[in-house]
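Asks: Since each chain comes alone in its own frame, lean on the hints to assemble the complex.
Here is how the chains run, residue by residue.
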Amino acid sequence: MIELVHLRKEYDNLLAVHDLDLTIPQGEIYGLIGPNGAGKTTTIRMTCGLLAPTMGRALVAGVDVAQEPEKAQQHIGYLSDFFAVYEDLKVWEYLDYFAHAYKMPEADIPARLTEVIAQVNLEVKRDAMIRGLSRGMKQRLGIARAIIHRPKVLLLDEPASGLDPKARLELRNLLLSLRDQGATILISSHILTELEGFCTSIGIMEKGRMVRSGRIDEVTAAENPARLVRLAWSGDSLAGDSLKTVQEQLSREPRISQVKLIGAGGAFQFAGPEEDLAPILAGLISNGVKVTAFGEVKQTVEELYMKLSTHEVM
Amino acid sequence: MMTRIWSNPEFVRHRRAELRPVRAVTVGVVVLVMCVLLGMACWSFQHQILTSIRNGAEYFKTDAWTQRLAEAEQNFAQKTWLLFYKWLIGLQGAALTFWTLFSCAQSVSGERDRKTWDFQRVTRLTPSEIMIGKLLGEPVLVYFAVLCAVPVTLIAGLAGGLSLGTVLSVFAFLGLTSLFLGLGGMWLSTLLESRTRAVGLIGALAFYGLTLGARGMENSGLPGFAALSPLTARFAFIEPGGFGHSLRPVLFGREIPWLLMCFLLCGSFSVWLALMLVRNLKRDYQEIRPLSRWQAVGCAAFLNFLIYALLRPSPAFGQSWNVDAPPGLFTDAKIVAAFAVAMNGLILFLMGLATLTPQERLKVWRRKRTTGEAAVFADDGLPWPWLGMSAIVAYVLMVWGLLAWNHTLPLGMGTLQTAAVQLLLVLVFVTRDVLFLQWCMLTRLRQPVVKGVLYLGLYYAAAAVLAGIGSVSSEATGHWVLALLTPVQAFDSHVNGLSFPTATYVGLALQTGVIGVVLTAISSRLQRPMRAAAAA
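Those sequence lines, one after another, are chains G and X. When you number the first sequence by the working numbering, it's gap-free, plus one each residue, and the end is 314. When you number the second sequence by the working numbering, it's gap-free, plus one each residue, and the end is 536.
Looking at chain X on its own, in the form it has when it is part of the complex (with noise of 0.2 Å):
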């Protein structure tokens, strides 16, 4: 395995390249001065401690002071050396995630940009050859760096009084999270022609503050999620406690090691992102549709699986496992419900983004369905019938991991069937809101998916000011134009059962007559007449 992956072509490439033997050698004598620098620095800090400490000792003479300075003195090495060790952890963090991600981020643009891609889709490579080069290949400077700086920081934490164990942890997370970033900035080079490479950068760029930011999960109800952050390895594995109280992730309400999440976690993304593209890196950019219709499906259950499994509720009365806890999110299973059901709405939205069909094999269906030959449910079809059954898979996993928590937060008997209709009409505005994105990209607008998700913004947007001026006449007018242009009122915690406004069941009306309208426009360009290329 590890001859392949280090004979792999596009990897040797990008090593012959990138570590040409006068770069390899500067590279590593700048890191080794860096090293050294870092040393003296944090050894100068401690030092400047133990001085003022060594002053306040002779200048107030008290047996505290003197107990102090023998303290300070007796771990003035251990200190030192861990100082030291954060330091070289978090600048080999910081370069190895944000590199690895931003090289990445360029690797599919960069190579369409100059040209060359065609070339590497031509040869007998294969799409996992290619993703595990570029993977790599991309960021091997950064990784030779962190190579040199391993022996340096390995000695450090382990003189700063870490054991192996932490020290390898701390490396096994970042490496993980490493992974994960890397293959998500691939994915997002794919998305992009070569014209749109500023974009995938700052893309990249809101990607990684999005990774950053999740380290703000720990303390909410789905602590696990904070796994994904580079931070959390700093903060879990050196100083555990240190940042006021933190919840420890859970999986089925088990207390597991942030290690394990993260493997989990980075490791399950990680496969769905490798899925992704190995289904599409030699595809035309054209073509590319980031999963079929069932993995779509797949990929939606396990999200909501995710939900559910990471769950670490707080229960109102306390009387649970988890009495010290902080007051989270979840106090009863209808905020559980709700939050499935608002998460199912950008997940639902996501899975349209990523089955919605390239205009000429929408055609092919379209003519094989006029004879026959295609089913409905064809994974060159329209995505619509395949997000009622992501819907439905989510619904059944909603029931499932309700009933599951249901000795921590009680199952009301009308929550299952709020939920039941706040999925239907988050459900149906989704659908509208990808059939217009599908019909969109059936216009000559450029990047028309870039533009019809910009246009739904608008609408939303829209939506809400003209809420904000019905609701000036009366509160009534508000709420009315809101559940008939959006799906926010669906959301209104006094509902239970299916007791919602009679406003809702009319927006729900309207929009699926608007899906109507939307499939017919859909249905009126796929039947446009072809003509013949004109001759130049």
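Bound conformation, chain G alone (with noise of 0.2 Å):
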């Protein structure tokens, strides 16, 4: 759905996106991460249409948005971080603006603002002017325009700062359901927990070039090969005896390593497939430990991206 071929843009002397090769296919949620001055917002406003690049191409849907930019901008949806709207217009006559101005059949124009108003939870402003609007319901409003058209693929732009956990949360569900429709979503942020349990596929940009690429559990695989495994026992049991039973059970175990246990409870790596996890817990709770936690854990986008970050830029 979006293609980006050897995307490259250069200001001055400097490269601020470096031949950039990415394509994310339809439905997905692809996180676009780095921090500030990575080449997030230029590789978007490329790919919208906003900026043109110094070479390359960036294909949405299928259309060239530099050789087809009104053709390209039918399928594009695309919110800012810092915008603004018209505040001297009522809540429908903006999103009938945009309407418009994508070109929608008239006839489909007043069943769709309803529809968009009733996504973002405007009804009670459909008449109020925007100057009378909190911040919130503006970006609420920001997104309404971005969708007003049905677009097939979402570019949003760090579309939460501003918002309070509330509406963030709103936002989060609003994404979902537009990619349970099949939108494709491109969204950038340098706030890693905005992107926590959403994103399907990220990107990590340093300097221009795409550090990792790919769906989330790949690039994790691929970072970790041994999973991370907690656990931790009762204390009602001899801790000591309970200690000695499970660095026993789990030395026996070929694929494990890394083991560190105190006290009650630790952790160890695990170099197996997940289902292979459960004889181990199985072991010990037939040696008379009594388990109370044992599970992997998930490694964060923060976390993946800070390991990742530090091979490329520390």
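Hints were generated in silico from the structure; no laboratory data involved. Among these hints, one or two may not hold up.
Taking lysine-lysine pairs in the DSSO-like style, the calculated list, with each CA pair at most 30 Å apart, reads [said to hold, decoys possible]:
#1 Lys125(G) / Lys90(G)
#2 Lys103(G) / Lys90(G)
#3 Lys115(X) / Lys125(G)
#4 Lys166(G) / Lys115(X)
#5 Lys244(G) / Lys298(G)
#6 Lys103(G) / Lys115(X)
#7 Lys138(G) / Lys115(X)
#8 Lys90(G) / Lys115(X)
#9 Lys138(G) / Lys103(G)
#10 Lys260(G) / Lys290(G)
#11 Lys115(X) / Lys71(G)
#12 Lys260(G) / Lys307(G)
Replies: Structure, rendered in structure tokens:
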């Protein structure tokens, strides 16, 4: 759905985006992460046609954005971090303007306005002047503008900046529902917790280059061949005995390494598939260890980013 | 067509925001009240004149006064209506042109300032739809106000003794000049980033002043250019000949109506402005380039063509078709040629400005040029080959123009040779200056073109001061300094053929060398290695 081919952007003698190749299939929520100045915003602006690339191409739904901008815009919804709305319009007038600007069929517009206003919970403000809305409401209106024409691709540049926690949650739910409807979403952020849990793929950018890119589990697996497993057991049993039992049990398994046990808990690395953890747990229980917690510790996007970022920059 | 304009989303947005029912009614009422007040003021003024005539007639009791009183009483109503009409159309013209220009001059920079521009750029609106929407939408309030006053103005004009044609012509004239001013303002607005909006307003004020001042061209050798001024509407239609002897516009030596000239000039300039807007409205600020290289050559040719098409020569001996004309600028072909060369200095400089290549594009061009993929005449290359081409076109048009006017302004043998050297000299200086600006664009100067132009102004001021200092020791030294550093000496009226002073040719060689130095500086700038962005 989104295809970036050798995309490059130069400013003065600065290479902002360095020959970027990226393909994002339909239905993905792709999180573009990286520090400020990594080239995320430049990449998004080139993808939606706001910036002309120095070299390379950006294709959205098979349409070259630079060659046929108006045709490509039909498929793109764009939202940036700092933006404003036309304060002298009413909520419905604002959305009606963009519905017409995106050249939606005239007959579809009234129903679509109602639908989108409901999606962003602004029904009660439909006839209100925009200048009277709160910042969060304006942000929601911005999201409504970005999706008014049912774009196949959403390009969101730091969309949650300035939103309160509730609004962030609403934004996340909205994006998930759009993904379920088949939209492809490219979302950039340097607040990594924002992307946690709902991105299906990530790309990590540093100094204009893509350091890693792919589905989150694939990237994680590539970076961590072994799984980190934490366990804890009940302190009712004699701690010393249990500790010894656990140590013995774990040492028998050749795929287990880096065992660190302290008191009534600990962690180890396991280089095998997830389902092979079950016999290990069963063994511990059968040996009388009162296991209270046992499970893989999934790596967060933040941890993954820090790990990869360390390789490239520090 | 009208339906498409009426439903243009950008126009609808402005209409909704600016003309909410309460505001529309208020504007209508205010306009109506103003009309009534203005009408009463005009009636009062005319009545005072009538009273003073009446008093005079009673006091002197002569036939002349009695006849004057009778005429004044008979014409009272018509004169009052005419005065009313003049005030109405004057106010409408001022409001329409001023408001259109200034609202359009903030149209794009204002959106950039409010950070709403990018969202308009990513819609499916085409640049021409945005342009039309803004042109009609930004000043929609003043359009509405004028529309409210139109019926009263029509009645006042007709009752004032003007024909329907005249009244409609004045409206058409004001409409055309407003269109031109609006597009000019919008173009100015696209050139400005949000932080330089104030500069844009000053620029708009200067543009308005220039346009109004174009009325002064009425008594020049190019009277047609007065059609660009909204003031011409009043003086050409309502008070023809009321302000001294004025020339009528000519096209290829034939007199044409002011309205037609306005249509031709405002229309053609508006088309060029529209072309520049359509090319650039949806581009990123850094990517703005007013015209392509071929369009720039075409524009230079068009402007040169205008000089010869609108020329109204004033032959020194007065045997030709226009013996009653006041002495104008162009009394012989040599003056026309020198004027055309001087104008080409300005035209070539503007063309150079319009075709400066953004740094990024120039770098790509240079890389391709190194591998043999790009030509010297490429659209992203350096502007100098295109300046040369524009100069050649200008010279060809000059030959054509002077030959066409040969029957009125006999062409001397040496005139074309002199003009060729003059044009070459102007071309070399302009090329040097434009390449300097191109070099400025490769530096880290903020607003490099503006700063570059200021540096050039400083350079020419310094050259004039140096020439002044040189002329203290001897006049020849002053001339040498001027010839070496500026193209001014090329316009010495005593030169015929190729017999320019040696200093002129030395100056030509010197400046060609300077061009080489600037080209080397540009090349070394383009060869600097790239570095990756630093992570925050």
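Asks: A separate judgement is required for each hint: does it hold in the structure or not?
Replies: Consistency of the hints with the structure:
no. : hint                  : in the structure
1   : Lys125(G) / Lys90(G)  : 9 Å, holds
2   : Lys103(G) / Lys90(G)  : 20 Å, holds
3   : Lys115(X) / Lys125(G) : 23 Å, holds
4   : Lys166(G) / Lys115(X) : 26 Å, holds
5   : Lys244(G) / Lys298(G) : 27 Å, holds
6   : Lys103(G) / Lys115(X) : 22 Å, holds
7   : Lys138(G) / Lys115(X) : 13 Å, holds
8   : Lys90(G) / Lys115(X)  : 18 Å, holds
9   : Lys138(G) / Lys103(G) : 23 Å, holds
10  : Lys260(G) / Lys290(G) : 18 Å, holds
11  : Lys115(X) / Lys71(G)  : 23 Å, holds
12  : Lys260(G) / Lys307(G) : 21 Å, holds
In this structure, none of the earlier numbered hints is contradicted; all agree with it.
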